[in-house]
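Undergrad: Sequence:
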Amino acid sequence: MAKVGQETPQSNMNLFLGTILLFLMMPVPGRMEVLEEEEVEQTTEDLNSLNISDSFQDVETKESEEEVSIPSDVLCFDWSSIDTSHLPSSYKTNSWKEKKLLHMADHFLQQYTHLCPDRKPLFLHPANECGVEKFVSTTVRPTLLPYPELYHWSGCASFVSNYLTMEPLKCPLTPPSSLYSPTTILKYQRGNCFDFTVLLCSMLIGAGYDAYCVHGYATHEICTLDQTQDLCPLLRKPQEVPMTKKPRKYRLSIPSEPQSKFELQQKAKKMEEAEDVQKQEEEEEVVTEVEKPKREPLHGLRVHAWVLVLSGKRKVPETFFINPFTGNSHNTTDECFLGIESIWNHSNYWVNMQDCREGCKDLSFDLSDGFRWEIMFPESNEDMDDMQETEERDMSFEMPLTWVAEIKVSRREFENQYAQGKKVILYQKAKLEKWAPYVNEDGLVERLTVYADLYRTEVVELTEWFKNREDMLDMREMNKQTQLTTDHFRRGNPLLLKAHTYTSLEPETGHTMEFYHKARHDELWKRVENATEMTEYFVGRSDFLHIRHVEFGERENEMDMAGTRPDVNLWPIVQIKECFHRNPEKPADEDVEERIFMITDDTIQLTYHLEDHDIIASKVVFLRAIQRDRKGEEIFLTRDTCVKYQPWSSEKHKNVRRLYTLLLELRKKQEELKHQVRKSKAEVIDILKVREDEEANIKLTVSRYNTAKRGCQREAMALESGRRAPSVSAQGRRVNSLPIRLQPTPTPPN
1 MAKVGQETPQ
11 SNMNLFLGTI
21 LLFLMMPVPG
31 RMEVLEEEEV
41 EQTTEDLNSL
51 NISDSFQDVE
61 TKESEEEVSI
71 PSDVLCFDWS
81 SIDTSHLPSS
91 YKTNSWKEKK
101 LLHMADHFLQ
111 QYTHLCPDRK
121 PLFLHPANEC
131 GVEKFVSTTV
141 RPTLLPYPEL
151 YHWSGCASFV
161 SNYLTMEPLK
171 CPLTPPSSLY
181 SPTTILKYQR
191 GNCFDFTVLL
201 CSMLIGAGYD
211 AYCVHGYATH
221 EICTLDQTQD
231 LCPLLRKPQE
241 VPMTKKPRKY
251 RLSIPSEPQS
261 KFELQQKAKK
271 MEEAEDVQKQ
281 EEEEEVVTEV
291 EKPKREPLHG
301 LRVHAWVLVL
311 SGKRKVPETF
321 FINPFTGNSH
331 NTTDECFLGI
341 ESIWNHSNYW
351 VNMQDCREGC
361 KDLSFDLSDG
371 FRWEIMFPES
381 NEDMDDMQET
391 EERDMSFEMP
401 LTWVAEIKVS
411 RREFENQYAQ
421 GKKVILYQKA
431 KLEKWAPYVN
441 EDGLVERLTV
451 YADLYRTEVV
461 ELTEWFKNRE
471 DMLDMREMNK
481 QTQLTTDHFR
491 RGNPLLLKAH
501 TYTSLEPETG
511 HTMEFYHKAR
521 HDELWKRVEN
531 ATEMTEYFVG
541 RSDFLHIRHV
551 EFGERENEMD
561 MAGTRPDVNL
571 WPIVQIKECF
581 HRNPEKPADE
591 DVEERIFMIT
601 DDTIQLTYHL
611 EDHDIIASKV
621 VFLRAIQRDR
631 KGEEIFLTRD
641 TCVKYQPWSS
651 EKHKNVRRLY
661 TLLLELRKKQ
671 EELKHQVRKS
681 KAEVIDILKV
691 REDEEANIKL
701 TVSRYNTAKR
711 GCQREAMALE
721 SGRRAPSVSA
731 QGRRVNSLPI
741 RLQPTPTPPN
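Going by this note's numbering, the sequence shown opens with residue 1, and the numbers climb by one from there.
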């Protein structure tokens, strides 16, 4: 549609008539045709629902409140009572250029209404917070905030969706009558979909993206922020990439066994019957579990605003949508978005002239196509001749500068992103809760609760994420069915723990501990321990040890004092078993694969690795020595105390002196292993004691780059210094001083 100025000169009349003829020849694309042909005959209930009245708005607001669980203070917030006296003059008045822009927009709207009478009015110049009409393009203020997280579109979208609280439109069928500035929206941390969109678009344009505000139509779930039918993104499994095997060049074709066609037909018939029965059972389960979805009479009529990001700038490979309520990206073919009326950015305004009966999946987003997108202010074209360029320059209009003040977000506001101090998102059989850092004293920032039913009554799993913990705790998984808890730690944990699975922090209750093995001197990777046995797994040891399994007997003293650490000597060691990887520098019959020390039976058993051509491994067993020599000393090695099977061994392996030396080494190694096992048992008890103390006295750390929390810490230290007056000795030296580190005070929710 051509632009119309304040006055239409006679010289431009032909151009105006040509524009009208062009519009008459073009097909008039309507808004999303919602109701199907069989729904034309509407019931009285549907007609009443389509009647936009005060009662309907009240019912719609009530439904939105129930579905989205909007806090009462959000619905009761009175925008008319906000203080606008401190706002700049640009908020309260219009410059001559803005007045001219509004006049041109009215002329554009008149032509649009005349040529497209079946379409809804455009969203052009709503009133701002001071009651002054402002053109929507001038409400967009490109801004680049000084935080690295906001240099990417996902960070901007996440900040807007977290920082603002969603307010439903007063009437779901029409755009709002007012559009406040992004600065006011940020100050009060609330707004409708248009407020969300303008703020997000301002940030994206400032970050270098080709972004646009969209006025269109979406589904009931998108408009009301209802995600109860969606799967939580944290529960989505990554798509598995199928492994494609390269076909062999020379492959033998083995003929298949002959099969009866009748048997194959009967087998296929039985499989179809079984599938039908299973499908019917699944449908019955779904019907019993989920209520039949209600018929949505307003499908395709609900107004929504979102962001369009075109490909090209910032190396965006493909055009996509962003839902500002959730911060999620969507493909332009997503069926949740049902139609587009218009789009705009900080420099221009476009009207969609394409058919939206099939939603947005067939829309072209080439804004230079005048047949599909009608631009309000024609842009200059370098390919035009001098005459056309002169006429275009006469008709051109430069967009006024934005009337919105500079958008600022302090470090404290950026870190405490949640308006209510907490954000709750309901998904299908799941609930996701989010907090800003330092709000919770235990460092909890996110919690995912998985339920067994759609009504979210029975908890199955609970996953929590933490930040700024001194013990480096990162995530905690709790299975309510098995009562197992798994703690995951980041690098830098004082205990070198990577993960810890347990039911209780008490000893002998079953613990699985994973370590950062490269930071340990013994290369221990995992330890599985309970009251009767303990298994240790190693990675990358020079002696090729990779498994050590220990069995314990009954404790000698069951009466331990409460609150005292159990004595590791109370657990008698029954057996120690070690497994070794193959050492290529040794012959197989000299390289031990398995070594078992049976302590109570006083027996040692060795099993060696196999050569490639061997079937049975070589073995040596040293039994209990029951004979004594003339001096009464124990005889370690006799024919009755040593049993060996080494069929491929050389003569040196059959030497008795060599076996005697090996036995002495094993006896010495057995004592060392018993000491090592008790040391490992003591380490388990020490780790459990430290973890219990850490959970009882949780401490949070503050980064040196966190200026906001550093300020709170300095205030706390100053307050503490005022309470504790330092005493000075006779030499004038300070005796009492503040602690080096104080536990930071959690930031209260906004």
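Hints may contain errors.
What the hints assert, rightly or not - Cross-link-like lysine-lysine pairs, in silico, DSBU-like; alpha carbons within 30 Å at most: (1) K434 to K467; (2) K518 to K279; (3) K97 to K187; (4) K408 to K518; (5) K434 to K408; (6) K279 to K269; (7) K99 to K170; (8) K619 to K187; (9) K668 to K586; (10) K518 to K679; (11) K422 to K187; (12) K526 to K689; (13) K120 to K237; (14) K120 to K92; (15) K120 to K422; (16) K679 to K480; (17) K100 to K120; (18) K269 to K237; (19) K679 to K577; (20) K170 to K120; (21) K187 to K408; (22) K669 to K679; (23) K408 to K361; (24) K619 to K526; (25) K467 to K279; (26) K467 to K586; (27) K170 to K434.
Hints were generated in silico from the structure; no laboratory data involved. Please read all numbers here as calculations on a predicted model, not as lab measurements.
Undergrad: All the hints need checking, so say for each whether the structure fits it.
TA: Against the structure, the hints come out as follows:
1. K434 to K467: Roughly 12 Å separates the two Cα atoms, so the pair holds.
2. K518 to K279: Judged against 30 Å, a Cα distance of about 51 Å means the pair is violated.
3. K97 to K187: holds, 28 Å
4. K408 to K518: Cα-Cα ~45 Å, so violated.
5. K434 to K408: holds, 24 Å
6. K279 to K269: holds, 15 Å
7. K99 to K170: At roughly 28 Å apart (the allowed maximum being 30 Å), K170 and K99 satisfy the hint.
8. K619 to K187: violated, 79 Å
9. K668 to K586: holds, 22 Å
10. K518 to K679: holds, 20 Å
11. K422 to K187: holds, 17 Å
12. K526 to K689: holds, 19 Å
13. K120 to K237: With a Cα-Cα distance of about 42 Å, the restraint between K120 and K237 is violated, given a limit of 30 Å.
14. K120 to K92: holds, 29 Å
15. K120 to K422: With a Cα-Cα distance of about 38 Å, the restraint between K120 and K422 is violated, given a limit of 30 Å.
16. K679 to K480: Answer violated: K679 to K480 is near 33 Å, above 30 Å.
17. K100 to K120: holds, 24 Å
18. K269 to K237: Violated, because 34 Å separates the two Cα atoms, which is more than 30 Å.
19. K679 to K577: holds, 16 Å
20. K170 to K120: It holds: about 17 Å lies between the C-alpha atoms, which stays within 30 Å.
21. K187 to K408: holds, 10 Å
22. K669 to K679: holds, 15 Å
23. K408 to K361: violated, 37 Å
24. K619 to K526: Cα-Cα ~29 Å, so holds.
25. K467 to K279: violated, 45 Å
26. K467 to K586: violated, 49 Å
27. K170 to K434: Holds, at about 28 Å.
In terms of the numbered hints stated before, the structure departs from hints 2, 4, 8, 13, 15, 16, 18, 23, 25, 26, listed from lowest to highest.
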